[in-house]
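Student: Numbering (the working numbering), first residue to last: 1 to 211.
These aren't lab readings, by the way, just hints derived from the structure by calculation.
Every value quoted in this text rests on a predicted model; they were computed, and no experiment measured them.
All residues carry an ideal CB built from backbone N, CA and C; glycine is no exception.
Derived lysine-lysine pairs resembling BS3-like cross-links, with alpha carbons at most 30 Å apart:
| # | residue 1 | residue 2 |
| --- | --- | --- |
| 1 | K172 | K189 |
| 2 | K174 | K189 |
| 3 | K168 | K189 |
Restraint ranges, calculated between C-beta atoms of paired labels, are given here:
| # | residue 1 | residue 2 | range |
| --- | --- | --- | --- |
| 4 | M183 | L109 | 33 to 39 Å |
| 5 | L109 | C178 | 28 to 34 Å |
| 6 | L95 | T185 | 22 to 28 Å |
| 7 | K172 | N204 | 17 to 23 Å |
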Amino acid sequence: RAKHAITFRNTKTLSAPALTSTIAAHLASILLTTTVDGLRLKTRTDHAVHREAYQDHVKAYKEALSLARSSYYSTLIGIQQSQPRMLFSTINRLLRPLDPHHPPGALDLCSKFLVFFRAKVDSIHQQLLVPSPPPPPTPTAPQLQGITRPPRCCLSTFSPVDVIQIAKLVTKAKTSTCSLDPMPTALVKAALSTICPIIVDIVNLSLSSGT
Numbered sequence: 001r002a003k004h005a006i007t008f009r010n011t012k013t014l015s016a017p018a019l020t021s022t023i024a025a026h027l028a029s030i031l032l033t034t035t036v037d038g039l040r041l042k043t044r045t046d047h048a049v050h051r052e053a054y055q056d057h058v059k060a061y062k063e064a065l066s067l068a069r070s071s072y073y074s075t076l077i078g079i080q081q082s083q084p085r086m087l088f089s090t091i092n093r094l095l096r097p098l099d100p101h102h103p104p105g106a107l108d109l110c111s112k113f114l115v116f117f118r119a120k121v122d123s124i125h126q127q128l129l130v131p132s133p134p135p136p137p138t139p140t141a142p143q144l145q146g147i148t149r150p151p152r153c154c155l156s157t158f159s160p161v162d163v164i165q166i167a168k169l170v171t172k173a174k175t176s177t178c179s180l181d182p183m184p185t186a187l188v189k190a191a192l193s194t195i196c197p198i199i200v201d202i203v204n205l206s207l208s209s210g211t
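Based on the sequences and whatever the hints tell you, model everything.
Tutor: This is the structure we're talking about:
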């Protein structure tokens, strides 16, 4: 008997989450069905009793929906405590929901955009076409006497980098990241031993080609 009791307790523990989820879904279905039936009965009879019963069902359904929503987001925020990026995204979505409305695609709005950007481009062109001031006069030979010219330096070649240099730079970099990064900084640091040779090749190719 004790062995069967232990087996039953273990089975109950393993199946409790699924059982709880099934019961919750079943109760929500019953509550929604009861509310719909109450609406049909109220519409068909329009008795005061049926109307009050329908209002009670609607109130109970809204309270259950609000409680389920609060429980869901409380659990979600608790899970995301160690993930600041996802946590901030969830809180931002709760406090400032995204506007589902998009700007209309009317021709008038498109024409306004076109006129605005054309005016910006024309303004930039006009600023570029302003004549520059004349260059200063070239000093004569007597004026150049006693003046030491700075040495001319031309950076035509660059020394290639190696794995140690790149690894040191990546390791010292901050772990902060943004949505424009091709990979999160934390992921780059975690996989540095694998992708470091690839980064070295990219940097050296850029130094050798000048692009």
